[in-house]
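Asks: Just so you know, the sequences run in chain order P and C.
Heads up: the first sequence begins at 1 in this note's numbering, then just goes up one per residue.
Heads up: the second sequence begins at 1 in this note's numbering, then just goes up one per residue.
Quick caveat, the hints were computed from the structure, so don't treat them as lab data.
Predicted model only: the values in this text are computed from it and were never measured.
Mixed in with the good hints, there may be bad ones.
With beta-carbon atoms standing in for the labels, derived distance ranges [stated by the list, open to error]:
1. Gly-150(P) / Ala-129(C): 17 to 25 Å
2. Gly-177(C) / Gln-226(P): 54 to 62 Å
3. Ala-320(C) / Gly-267(P): 41 to 49 Å
So, partial list: chain C residues that the calculated Cβ filter (under 10 Å) puts toward chain P [said to hold, decoys possible]:
4. Leu-105
5. Leu-154
6. Ala-157
7. Gly-159
8. Phe-171
9. Gln-226
10. Leu-229
11. Tyr-248
12. Ala-284
Per the computed footprint, the stretches of chain P lying under chain C, defined by three or more beta-carbons under 8 Å from a beta-carbon of chain C, are [as the list claims (entries may be wrong)]:
13. 58-69
14. 160-169
Yeah, the Cβ is synthetic: ideal placement off N, Cα and C, and Gly gets one too.
2 protein chains.
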Amino acid sequence: MATYVVGVDLGGTNIKAGVCDERAQVLTKLSITTEGQRGPEGVMDRIAEATHLGIEQAGLRLADVQAVGVGAPGTIDFDAGVVVIAPNLPGWEDVHLRAGVAERLGLTTVIENDANAAAFGEYWTGAGAQADPMVLLTLGTGVGGGIVVGGELLHGASGAAAELGHTIIHFGGRRCGCGNRGCLEAYASATALVARFREAVEQGAESVLAEPARSGGEVTSEGIYQAALAGDELSRKMMEETGVLLGYGIVSIVHALNPQRVVLSGGMIGAGEMLMEPVRRTIAEMAFPLSQRPLQVVFATLGGDAGFIGAAGCALQSSATSA
Amino acid sequence: MATYVVGVDLGGTNIKAGVCDERAQVLTKLSITTEGQRGPEGVMDRIAEATHLGIEQAGLRLADVQAVGVGAPGTIDFDAGVVVIAPNLPGWEDVHLRAGVAERLGLTTVIENDANAAAFGEYWTGAGAQADPMVLLTLGTGVGGGIVVGGELLHGASGAAAELGHTIIHFGGRRCGCGNRGCLEAYASATALVARFREAVEQGAESVLAEPARSGGEVTSEGIYQAALAGDELSRKMMEETGVLLGYGIVSIVHALNPQRVVLSGGMIGAGEMLMEPVRRTIAEMAFPLSQRPLQVVFATLGGDAGFIGAAGCALQSSATSA
Numbered sequence: 001m002a003t004y005v006v007g008v009d010l011g012g013t014n015i016k017a018g019v020c021d022e023r024a025q026v027l028t029k030l031s032i033t034t035e036g037q038r039g040p041e042g043v044m045d046r047i048a049e050a051t052h053l054g055i056e057q058a059g060l061r062l063a064d065v066q067a068v069g070v071g072a073p074g075t076i077d078f079d080a081g082v083v084v085i086a087p088n089l090p091g092w093e094d095v096h097l098r099a100g101v102a103e104r105l106g107l108t109t110v111i112e113n114d115a116n117a118a119a120f121g122e123y124w125t126g127a128g129a130q131a132d133p134m135v136l137l138t139l140g141t142g143v144g145g146g147i148v149v150g151g152e153l154l155h156g157a158s159g160a161a162a163e164l165g166h167t168i169i170h171f172g173g174r175r176c177g178c179g180n181r182g183c184l185e186a187y188a189s190a191t192a193l194v195a196r197f198r199e200a201v202e203q204g205a206e207s208v209l210a211e212p213a214r215s216g217g218e219v220t221s222e223g224i225y226q227a228a229l230a231g232d233e234l235s236r237k238m239m240e241e242t243g244v245l246l247g248y249g250i251v252s253i254v255h256a257l258n259p260q261r262v263v264l265s266g267g268m269i270g271a272g273e274m275l276m277e278p279v280r281r282t283i284a285e286m287a288f289p290l291s292q293r294p295l296q297v298v299f300a301t302l303g304g305d306a307g308f309i310g311a312a313g314c315a316l317q318s319s320a321t322s323a
Numbered sequence: 001m002a003t004y005v006v007g008v009d010l011g012g013t014n015i016k017a018g019v020c021d022e023r024a025q026v027l028t029k030l031s032i033t034t035e036g037q038r039g040p041e042g043v044m045d046r047i048a049e050a051t052h053l054g055i056e057q058a059g060l061r062l063a064d065v066q067a068v069g070v071g072a073p074g075t076i077d078f079d080a081g082v083v084v085i086a087p088n089l090p091g092w093e094d095v096h097l098r099a100g101v102a103e104r105l106g107l108t109t110v111i112e113n114d115a116n117a118a119a120f121g122e123y124w125t126g127a128g129a130q131a132d133p134m135v136l137l138t139l140g141t142g143v144g145g146g147i148v149v150g151g152e153l154l155h156g157a158s159g160a161a162a163e164l165g166h167t168i169i170h171f172g173g174r175r176c177g178c179g180n181r182g183c184l185e186a187y188a189s190a191t192a193l194v195a196r197f198r199e200a201v202e203q204g205a206e207s208v209l210a211e212p213a214r215s216g217g218e219v220t221s222e223g224i225y226q227a228a229l230a231g232d233e234l235s236r237k238m239m240e241e242t243g244v245l246l247g248y249g250i251v252s253i254v255h256a257l258n259p260q261r262v263v264l265s266g267g268m269i270g271a272g273e274m275l276m277e278p279v280r281r282t283i284a285e286m287a288f289p290l291s292q293r294p295l296q297v298v299f300a301t302l303g304g305d306a307g308f309i310g311a312a313g314c315a316l317q318s319s320a321t322s323a
């Protein structure tokens, strides 16, 4: 008899859910609004709704489902099954998410943070498939991470592991959103790319985007990438530099963890080889030969589905372990 | 019936060996010269001699011993049981250390690299006892590391994990012995402390050690520490700076691994609080509160015995797993 699990990716705007079998095949997936203004209890009702909807769409019954996994934003106390704080969800402080969902559904429930869930998704069935160790870096407005060692997510002593965006690559350097100076995120996130671009323009560099940058108009990482593609010199230089800076952070991660695979995900991977080439070159130049031997650096393949798939995978793993 | 294991710490000059019981009690220990000039076969003979000597000193017979663990310098291929290269041991290239020792002794043999063995020693019975995750940093002429997750050493995909001295804390910065720029080792090792001190003197800084530094005389990290104790301003500043720089590296490690304990070992920990205070202050200022909650930063307690004790612990763990 096949085993089915439900994965839920809880976001500030939408809840994505899907049903997977034990071989990571997605039977069905869906997205509904989070309705965060309804507060934690209301949002947990929505999670239950999404789960029921998914099970129905898949042509299954609740009894066919072994467990549900929920990937949630914010800080999680894994032992207690509690979301300690989730900045993007109004009123989410010390929310007993695991118990709340388990009660509503009558199903074994596992919770995970969203970056870890995405990492586990890529490990289970995406670009990181079965690599050991596997490291995921999410490159978006911030830089997030997930680490899988021996097939298990590394949580650390208080569930705070894999904050890889806050690897210090240049002490005393650029100010990061976290308050520190010199974090990888302050150099290689989409936000940092735009900030570095604006600074270059302010210092007089020429670019087709110089005018909007100077007049306070919108400049995005996507816009910089498109300008680079169209031959804009500064944009190309900035994209290249982002890859090198990211490479420095990955070299530190490679020396610490000796991963078999580093998976890059998030919006910025849309830049493709323009980003990947300088990343790989920097690693080739700096990482120890023995560390490089097994190493692959690749792009994620699950896109926005990684979160719910990974949450489902965590649910499967947890129910297999406890069975 | 008690279980006994032998641990061997293979160094360029001496071979240390000891016999431990399954509760990490050291029954006896000894040290003999390595006689590296005899080449790999000769050195493996010496390892066997040290093991027999230890067993005899402990009043045991070979049949009482369950396994032997050998901590070796250099690069190790764990699957093959081979020392790929050991720069401090003449002729050590692709040496089948595990098979060589096992044949000589007729005992199950486990090999480990020396930094990992020391880390496991501190985890088994020293300052890192049973912490999860536990990270060891060895502060000497270089900066080495070891990582224990879930009670097991993290080897990584090719046995190259925990090269924590080559965490990049300042890209484009000081040149490291490894050829890269900006490594933690290039800032916070004993060698780097002396180099930074000499540079400060060259730039005109005053110190009781300025004269020997300028005239190319011997300046050591120990000498700088002693001068700092005696009130030398520059020496004190350099010691303090070393702690801060080390702190930057530890913050990156803490954000990646969320360790329960970071253990500092090696010659430099002789500086005690003068080193520890700025380390702890930097972590307190920069590490995320959730990561700090379970974190302890402490000095190693096993000193030079960590290597053979850890090697013995690895032997015990391995034989328990395979039994």
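Asks: Run every hint past the structure and note whether it holds.
Replies: Do the hints match the structure? See the list:
1. Gly-150(P) / Ala-129(C): 17 to 25 Å: Since Gly-150(P) and Ala-129(C) have Cβ atoms about 22 Å apart, the given range 17 to 25 Å holds.
2. Gly-177(C) / Gln-226(P): 54 to 62 Å: violated (43 Å)
3. Ala-320(C) / Gly-267(P): 41 to 49 Å: Between Ala-320(C) and Gly-267(P), where Cβ atoms are some 47 Å apart, the hint holds.
4. Leu-105: With a closest approach of 28 Å, the Leu-105(C) hint is violated.
5. Leu-154: holds (7 Å)
6. Ala-157: holds (4 Å)
7. Gly-159: Cβ of Gly-159(C) sits 7 Å from chain P, so the hint holds.
8. Phe-171: With a closest approach of 4 Å, the Phe-171(C) hint holds.
9. Gln-226: violated (28 Å)
10. Leu-229: Status violated, d = 27 Å.
11. Tyr-248: holds (4 Å)
12. Ala-284: Since the shortest Cβ distance to chain P is 12 Å, the answer is violated.
13. 58-69: Contact hint for the segment 58-69 of chain P vs chain C: violated, 0 residues under 8 Å.
14. 160-169: That given contact holds, which follows from 9 residues of the segment 160-169 of chain P lying within Cβ reach (below 8 Å) of chain C.
Comparing the model with each earlier hint shows violations of hints 2, 4, 9, 10, 12 and 13; every other hint is respected.
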